[in-house]
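Protein chains: 2
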Amino acid sequence: MQSLFCQYHYLRNRFILSILTFVGVLGNAQEISRYVNPFIGTSNFGATNPGAVAPRGMVSVSPFNVSGKQNTMDKDSQWLSTPYVKENHFLTGFSHVNLSGVGCPDLGVLIAMPTTGVVETDPLKYGSTYSAEVARAGYYKTHLETSGIMVETTATPRVGISRYTFPKGKSNVLLNLGLGLTNEQGAMIKVVSPTEIEGVRTVGSFCYYKPEETYPVYFVARFDKPAREFGIWKHTQKYKGVEGQWMGYNGKTRTYRNYYKEVVGDSIGTYFSYDFKETTQLQLSIGISYVSIENARENLEKELGKNTFESVYSETRKQWDKVLGRIEVSGGTEDEKTIFYTALYHTLLHPNILNDYNGEYPAMATRETKHTTGNRFTVFSFWDTYRNLHALMSLLYPKQQSDMVKSMLAIYKESGWLPKWELNATETTTMVGDPAGIVIADTYLRGIDDFDIEVAYEAMCKSADQITDNPLRPGLEDYLQKGYLTTSTTSSGSVSTTQEYNISDFAIAQLAQKLRKKEAYSRYTKRAVSYRKLFDKKLNLLRPKNDDGSWYHPFNPDTGANFVKNFGFIEGNSWQYTFMVTHDIPHLIKMMGGKEPFTKQLKKVFDNKQFDMANEPDIAYPFLFNYVKGKERLTQDMVDQLRTTYFKNSPDGLPGNDDTGTMSAWLIYTMMGIYPVSPAEPIYTISRPVFDRVTIHLDPAYYEENTLIIKKEGNPKGYIKHLELGGKKHERFFITHDELTRTGSLTMYLK
Amino acid sequence: MQSLFCQYHYLRNRFILSILTFVGVLGNAQEISRYVNPFIGTSNFGATNPGAVAPRGMVSVSPFNVSGKQNTMDKDSQWLSTPYVKENHFLTGFSHVNLSGVGCPDLGVLIAMPTTGVVETDPLKYGSTYSAEVARAGYYKTHLETSGIMVETTATPRVGISRYTFPKGKSNVLLNLGLGLTNEQGAMIKVVSPTEIEGVRTVGSFCYYKPEETYPVYFVARFDKPAREFGIWKHTQKYKGVEGQWMGYNGKTRTYRNYYKEVVGDSIGTYFSYDFKETTQLQLSIGISYVSIENARENLEKELGKNTFESVYSETRKQWDKVLGRIEVSGGTEDEKTIFYTALYHTLLHPNILNDYNGEYPAMATRETKHTTGNRFTVFSFWDTYRNLHALMSLLYPKQQSDMVKSMLAIYKESGWLPKWELNATETTTMVGDPAGIVIADTYLRGIDDFDIEVAYEAMCKSADQITDNPLRPGLEDYLQKGYLTTSTTSSGSVSTTQEYNISDFAIAQLAQKLRKKEAYSRYTKRAVSYRKLFDKKLNLLRPKNDDGSWYHPFNPDTGANFVKNFGFIEGNSWQYTFMVTHDIPHLIKMMGGKEPFTKQLKKVFDNKQFDMANEPDIAYPFLFNYVKGKERLTQDMVDQLRTTYFKNSPDGLPGNDDTGTMSAWLIYTMMGIYPVSPAEPIYTISRPVFDRVTIHLDPAYYEENTLIIKKEGNPKGYIKHLELGGKKHERFFITHDELTRTGSLTMYLK
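If you read the protein sequences in the order shown, they are chains E and D.
For the first sequence, the residue numbers in full-length UniProt numbering are 1 to 751.
For the second sequence, the residue numbers in full-length UniProt numbering are 1 to 751.
None of these hints come from the bench; they were simulated from the model.
Since this is a predicted model, take the numbers as computed values, not measurements.
Careful: at least some of the hints might be erroneous.
[Claimed, not checked] Stretch-level coverage of chain D by chain E, calculated; a stretch enters the list once three of its residues show a Cβ under 8 Å from a Cβ in chain E:
hint : stretch
1    : 52-63
2    : 228-240
3    : 245-251
4    : 411-424
5    : 488-498
6    : 571-584
Ideal Cβ placement from N, Cα and C applies to all residues, glycine included.
So here's chain E without its partners, still in its complex pose (with noise of 0.2 Å):
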């Protein structure tokens, strides 16, 4: 929805009109935000954090409190992609661009902190334990022991803002751009005026993977009262030889006072002092572009403007109690409640704005300044999110939705192709498969069709049929001609990427058979059903084949859980993806042997602890029980199993990382009781809601209804006996996505 980000009161464009309007419908729901705890997913390795941030924003203002060897969790002794973990208890400040969810290290860099006292720039020196931690949605609040300091941060879309309590005394305000969540460096300073600092930071090279792509993010940081002194810090490395001899600083910190000129280096840093005759508020404001400093500068001009502290954590409040709105519910504890709407919270951090106030956003791939109507998104993990989170976003957001589908498409004007998991305009080409197309036909299909479907077509083709330098299907010309990768076209994930790229195909089939392209929806349709020849009978299970058509042997369907690299499967075993075919189900029931078979293959990859609830593979498994008239119970009993068993509201209640929201979609949808398993076919399956009624308000741009209700009637411990769409029973367990939001009423009698 655009709305998200030009609702902001100070904003002006040409959609405030229309969105007033369609505010109206939201009713009531000023208060929901009051359910978000930033916190859930701050522990077990859930890599979501507490910064204040705005619905979608590019900003975050999140404690930075993985560095130093105080910390139980350090980002140096171990993998961390998160700028905060709740084991640990040692801050040294506050990053401004942060990832939320995310399986590597990036971003968490333009690190503010507040300290007393002489200037210190050794992170470890001036880090301070914290105490009184308070995170709503968009707000979080600390206390630094160390110093006394009170910290508060809010956000708009583009700007964080911090409002620092000091003491009575001396205090400074550093901005380190030497110290990052990863080892990428790189930083240019400038301070402008006593008030006010410009610079670029280096960010990117995700995973490590792509070392060239790294990029600049520019910043524009303001005070709101003038600094008595000022100055930047370079860390200068160790120079061996006979001129190191004579540089006094070698490997050592220099400071440069009062200093007015650019400072570019590795490890840079600027701090503004102070010296406060009582205890005395400071606001740093620092706004953020991805194209220029002037881009930062309007951004934060525009959207902050004269605004307080506090009218901006107001609106951004407002934003949050609005967009959550989107969803209203009865029944169910506040636990559940806060589970439920900080889940929706963390699907509404990411994808998040790229583009500037001025609507200007780097191309894909040559960063090039390009301009947007709409808004352009970024952070796409699609691996990740096709699965249910683009279908909930288009049931709940379309607008956001079809936004987010235009930016594909302009990634792939942009670059040549679509992208696969995009970062700040940068392909970081993590993990496998094609999975662009498949959100792009699920959306489609779903009735949100207001972009340019013939240039989707053409780009899910091009993917799906360019067998050279084709970066988005490695080993394409194996999948072709014998159907499926072998151990020999890839040594990791070759049944995995099989399945992935059916699951593409089947989406392109889907979409061309909308589309009336007869040819093509039929040669698609076969080629998305080639991982059967993986199906090894004996095992009843897929299985890896060797470039000669044989099995690869020896062969141990557990392994790969639990990350362990194998072969087949790419983050999982066999037991974890042979079911991820939910466009063939039927097919794989008839060759598991029929439906008892394939019950007790299911059941088995539960009771055997196969199952992995915090990996993405198997995330539909707990539904495909439906497929089996008769065993329903079953998927009901599994869902509200995992849910309650993984998901909590404390910082451990994500089962693992959230995936940029992917989690979390599982959480909302099974708790509104509907499931949509089969990525680019428009369905739901059933499971037990936990809410006694949701009330969905529809997008009336994109829907008939206003409204789509999901009640519970009966027994609420017992097991759902039929259903209503809008008034009539409704004898399957399955509905299509038209039907409901058509009908705009499900109601499910338990018993």
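Position chain D relative to chain E; hints supplied.
Chain D in isolation, oriented as in the chain E frame:
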């Protein structure tokens, strides 16, 4: 002379008319630059370089051959203050900002290097041996043996131009912003288009004394042909820890191909690649500024415009001809003319312009952007140059000298203090003493008075009298109380510093007298001879005193030669300093017991090999025999002997470090037969000239006579018998500046 920097035909300013008028008097001087051999001083620690440069240009394009163990003298294995030494044979590029004749490393950055084949970013791999070097005023050429590329360079005042003649095939031009003469690092590069780069490089921290005094040099580089491919490389530091293991590029160099965004870091560079179908010439032009990238671009556009390499070189050569043509000589050998004009060339490198084409420059210390209508000069190594170079400038280029004084006064206004060793708007505080005022007084007393003398006088008195927080005269309190610094005041140079302060006070006294400030004249005159208290009659030498007034003991007057550190003297010993009281020689003679003991003691300096031709304190010694009537022949013999011993038309043709032209100025004077023996006294003493006739074209804006002719008559191997000044017999071996320039003719009769 303003004209130096604006006679370029493509330049426009209001000075042009007056300049053109004046240029007329230079007559037939076009060919004089052929006598410049820029290789003189490139060996024997002369610290000059053969780079192409315009008169007093901000930019020079010098071969950079001091990196890599392939070289005899590697910058990392020894103290090297020059980008080029003749001893070496392996060059790694061409640096665009360089210092000539200084004792500490600085600048020597923006190093461009043409290569062939695949892009290699390690200087030790892409470097090359070279041959067929040619260096002229404003031109340098060599042949790179590894690649077969011919490199030619030339320059306007603010733009360095390189012409590469590439063989057919794949070629590259690298601009390495990591490599530099010093260990200072930090840069930003942004490729603007396939023909343009902009960026910043950190320089400064001369001698590594003041780590906080580094600053950016900005540049815009343009190629005359678009690159087929370009990229930026960045060297990554080596990280330890878990994440370091994931970094395939840990401690390695990464490349960003066809990348248009800023890259920042300690060690980065850029390459522009071509594929030439035949032998092709490529021109690289780099505009420089110390203010901003925008100014660097404007400098490039205004000074280069559409000019070709040929036309720029032709114009720069014309400029050199004009400025060198200020003196015409006849008689003397070709080698003598060459060492003479090369020395003059060396006095025309520093001080150099700091202001951009538009008049902007960074203010002293704050680096705030300021504007000047004249030229703002920089690189003031006053401890060296106050002794002779500025007097020469007053004679030959009074407008330049006036602008230099104005620059000094602007520095005073900007920073509160006159400069001591100023370098690109930073105060390096190198060496001892308070020399700026000596230069100002000397200039004023020579009749160059078009600057604000009251401000100048105020500035001089401030450093002479302000006891606390005085950066120019440490130890001033002792000096004022006791008349001298003691071994407790400073552990290095208590006597030397006392003498320097004496000379500065003498300068103030002389100026006060001229300005009719009687009290001040009397007071400073007294202060100017307080060195006498350090005269040890037993030794007939100066000697350090302790805090209690006792002589420093044990004391060996020989200690301190060859830069051995000692208590009383800096860069010298008692022999080399005792006579450095040229403003008080008659009294020194008295203290030594009369003319004979004085002569004997002075002669001993030479006989005992205590005289150091390579350093400044004793630079006037050979002329001091003239103070003893009847001993003038000793001066003539000694000057000839020193000149012929130490000055040659070869790379080792300077006695040592040129000290930004001070050694060269000594040579110029001695070859003309006059020497400004006592700073701030507008007098010359006489020695045997080399040339039969020297014609100096005086600037009519400052001098009544248009020409000054110094002639030698009689036996050229004989001694000076008598002089004629303006046709009148002149008995003394001393002539005032006024007498010399008013009469316009000095004839020396030798017998």
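Right, here's what the structure says about each hint:
{"no.": "1", "hint": "52-63", "in the structure": "violated (count 0)"}
{"no.": "2", "hint": "228-240", "in the structure": "holds (count 5)"}
{"no.": "3", "hint": "245-251", "in the structure": "holds (count 5)"}
{"no.": "4", "hint": "411-424", "in the structure": "violated (count 0)"}
{"no.": "5", "hint": "488-498", "in the structure": "violated (count 0)"}
{"no.": "6", "hint": "571-584", "in the structure": "violated (count 0)"}
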